[in-house]
Amino acid sequence: MARIRPRVRVPGEAAAGDVVEIKTLINHPMESGHRKDEDGNPIPRQIINRFEALFNGQEFFSVDLYPSVSSNPYISFFAKVDEAGEFTFRWHDDDGSVYEETKGIALS
Amino acid sequence: MLDTQETGGTSRRRVLFSLGGAAAVATGLTVVPGLGPRLAHATEAEVTDVITEMLGEMPAEGAISIDLPEIAENGNTVPLSVEIDAPMTADSYVQDIMVLADGNPSPRVAQFHFTPMNGKASASTRMRLVQTQNVVVVARMSDGQAMMASKQVKVTIGGCGG
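Residue numbers (my numbering), protein chains in the order written: chain A, 245 to 352; chain B, -15 to 146.
If we strip away everything but chain A, and leave its shape as in the complex, we get:
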């Protein structure tokens, strides 16, 4: 599997009280567990099963993902920004790996 590299787009700054859009993408096959290989053997499930978004250490949004989410899962959502700080994003893989990305935001 290619190296997993999360990508996140967050505005660099926002006015206090603004609601900003956050777009996330991670390259991952999201192997559903329903497929078979050329020899007819089932290919085991391996998906990103959970996504979390935190702001200054506090979780404010999460998603439980199932095999019906497309490969390279894309998730976008919103955040109300009241102070400057740092977003943390975490993707949990079925194999126990956790991929993490952080992005700062300043007040304009």
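If you are wondering where the hints come from, they were derived from the structure by calculation, not from laboratory data. Glycine included, each C-beta is placed from N, C-alpha and C at the ideal position. Among the hints, erroneous ones may be present.
Derived Cβ-Cβ restraints for the label pairs, each shown as a range [to be verified]:
{"#": "1", "chain 1": "B", "residue 1": "Thr140", "chain 2": "A", "residue 2": "Glu327", "range": "42 to 52 Å"}
{"#": "2", "chain 1": "A", "residue 1": "Gln302", "chain 2": "B", "residue 2": "Asp127", "range": "19 to 29 Å"}
{"#": "3", "chain 1": "B", "residue 1": "Pro63", "chain 2": "A", "residue 2": "Gly277", "range": "19 to 29 Å"}
{"#": "4", "chain 1": "A", "residue 1": "Asp283", "chain 2": "B", "residue 2": "Gly40", "range": "39 to 49 Å"}
{"#": "5", "chain 1": "B", "residue 1": "Gly46", "chain 2": "A", "residue 2": "Asp283", "range": "45 to 55 Å"}
{"#": "6", "chain 1": "A", "residue 1": "Ala328", "chain 2": "B", "residue 2": "Glu45", "range": "40 to 50 Å"}
{"#": "7", "chain 1": "B", "residue 1": "Ile141", "chain 2": "A", "residue 2": "Ala328", "range": "28 to 38 Å"}
{"#": "8", "chain 1": "B", "residue 1": "Glu57", "chain 2": "A", "residue 2": "Gln302", "range": "14 to 24 Å"}
{"#": "9", "chain 1": "B", "residue 1": "Glu41", "chain 2": "A", "residue 2": "Pro288", "range": "29 to 39 Å"}
{"#": "10", "chain 1": "A", "residue 1": "Ser320", "chain 2": "B", "residue 2": "Thr140", "range": "17 to 27 Å"}
{"#": "11", "chain 1": "B", "residue 1": "Pro63", "chain 2": "A", "residue 2": "Arg289", "range": "21 to 31 Å"}
{"#": "12", "chain 1": "B", "residue 1": "Thr140", "chain 2": "A", "residue 2": "Glu257", "range": "19 to 29 Å"}
{"#": "13", "chain 1": "B", "residue 1": "Thr140", "chain 2": "A", "residue 2": "Gly348", "range": "40 to 50 Å"}
{"#": "14", "chain 1": "B", "residue 1": "Asp75", "chain 2": "A", "residue 2": "Ile287", "range": "43 to 53 Å"}
Within a straight-line C-alpha distance of at most 25 Å, the following computed PhoX-like cross-link-like pairs (lysine-lysine) qualify [as the list claims (entries may be wrong)]:
{"#": "15", "chain 1": "A", "residue 1": "Lys267", "chain 2": "A", "residue 2": "Lys347"}
{"#": "16", "chain 1": "A", "residue 1": "Lys324", "chain 2": "B", "residue 2": "Lys135"}
{"#": "17", "chain 1": "A", "residue 1": "Lys267", "chain 2": "B", "residue 2": "Lys104"}
{"#": "18", "chain 1": "A", "residue 1": "Lys347", "chain 2": "A", "residue 2": "Lys324"}
{"#": "19", "chain 1": "B", "residue 1": "Lys104", "chain 2": "A", "residue 2": "Lys347"}
Quick look at which bits of chain A chain B covers, simulated, 3 or more residues with Cβ under 8 Å [to be verified]:
{"#": "20", "region": "304 to 311"}
{"#": "21", "region": "317 to 326"}
With chain A fixed as given, assemble chain B onto it according to the hints.
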């Protein structure tokens, strides 16, 4: 690959049909004799199961905006956006939005968990749809109230999970 999928689907369908029937009886829904073939739509019953498990009952239709293409040429990656016009304050906010698909091998697609810090009860992702089917969206508010909405997507080339 299609063969194996269909075989798997048939056996699952049989199992779910009986499960779904039992659940319908248990939750007090009327099972009308003669509608058997319609219920045999495996995951339609399973969708009902998942929702009643989450909420205890089927919620009423409500104002959930579901943005999905009417026709998806590629079932491997169907863009989905859901949004509810709600204030998102500490006193009252949308807590969960669950997305289900009644024609996929398994009905659950994604469950979004919101807080007032989201500012807006809105999220997007991309989903797989193996065939033409209904996408069902269920929302639960912080006060426990719930609602649902659904939209059919016609799928030209099904997403085989690849």
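Do the hints match the structure? See the list:
In this structure, B/Thr140 and A/Glu327 meet the distance hint of 42 to 52 Å, their C-beta atoms being roughly 47 Å apart. Hint check: A/Gln302 to B/Asp127, Cβ distance near 22 Å, so the stated range 19 to 29 Å holds. Between B/Pro63 and A/Gly277, the C-beta spacing of about 23 Å keeps the proposed range 19 to 29 Å intact. Separation of A/Asp283 from B/Gly40 is about 45 Å and conforms to the stated range, judged on CB atoms against 39 to 49 Å.
At about 48 Å, the CB distance of B/Gly46 to A/Asp283 agrees with the hint of 45 to 55 Å. With their beta carbons about 42 Å apart, A/Ala328 and B/Glu45 fall inside the hinted range of 40 to 50 Å. As the Cβ distance of B/Ile141 to A/Ala328 is approximately 46 Å, the hint placing it in 28 to 38 Å is violated. For B/Glu57 paired with A/Gln302, a C-beta distance near 41 Å fails the hint of 14 to 24 Å.
Range check, B/Glu41 to A/Pro288: about 36 Å between beta-carbon atoms, so the 29 to 39 Å window is met. The hint said 17 to 27 Å for the Cβ distance between A/Ser320 and B/Thr140, and at roughly 25 Å that hint holds. For the hinted restraint 21 to 31 Å between B/Pro63 and A/Arg289, the CB-CB distance of approximately 23 Å keeps it satisfied. In this structure the hint that B/Thr140 and A/Glu257 lie 19 to 29 Å apart at CB is violated, the actual value being about 43 Å.
Distance hint check: the CB atoms of B/Thr140 and A/Gly348 are about 43 Å apart, consistent with the given range 40 to 50 Å. Checking the proposed 43 to 53 Å range against B/Asp75 and A/Ile287 shows it holds: the Cβ atoms sit about 47 Å from each other. As the CA atoms of A/Lys267 and A/Lys347 are separated by approximately 12 Å, the hinted pair is consistent with the 25 Å bound. Restraint check for A/Lys324 and B/Lys135: the C-alpha separation of about 29 Å exceeds 25 Å, so the hint is violated.
Distance restraint check for A/Lys267 and B/Lys104: the Cα-Cα separation of roughly 14 Å lies within the 25 Å cut-off, and the hinted pair is therefore satisfied. Distance check on the hinted pair: A/Lys347 and A/Lys324 sit about 15 Å apart at the alpha-carbon level, within 25 Å; holds. Between the alpha carbons of B/Lys104 and A/Lys347 the distance comes to roughly 20 Å, so the proposed pair stays at or under 25 Å and holds. Using a Cβ-Cβ cut-off of 8 Å, 8 residues of the region 304 to 311 of chain A lie near chain B, which meets the minimum of three, so the contact claim holds.
A stretch counts as covered by a chain when three or more of its residues have a beta carbon under 8 Å from one of that chain; for the region 317 to 326 of chain A and chain B the count is 8, and the coverage holds.
Consistency note: the structure conflicts with the earlier hints numbered 7, 8, 12, 16.
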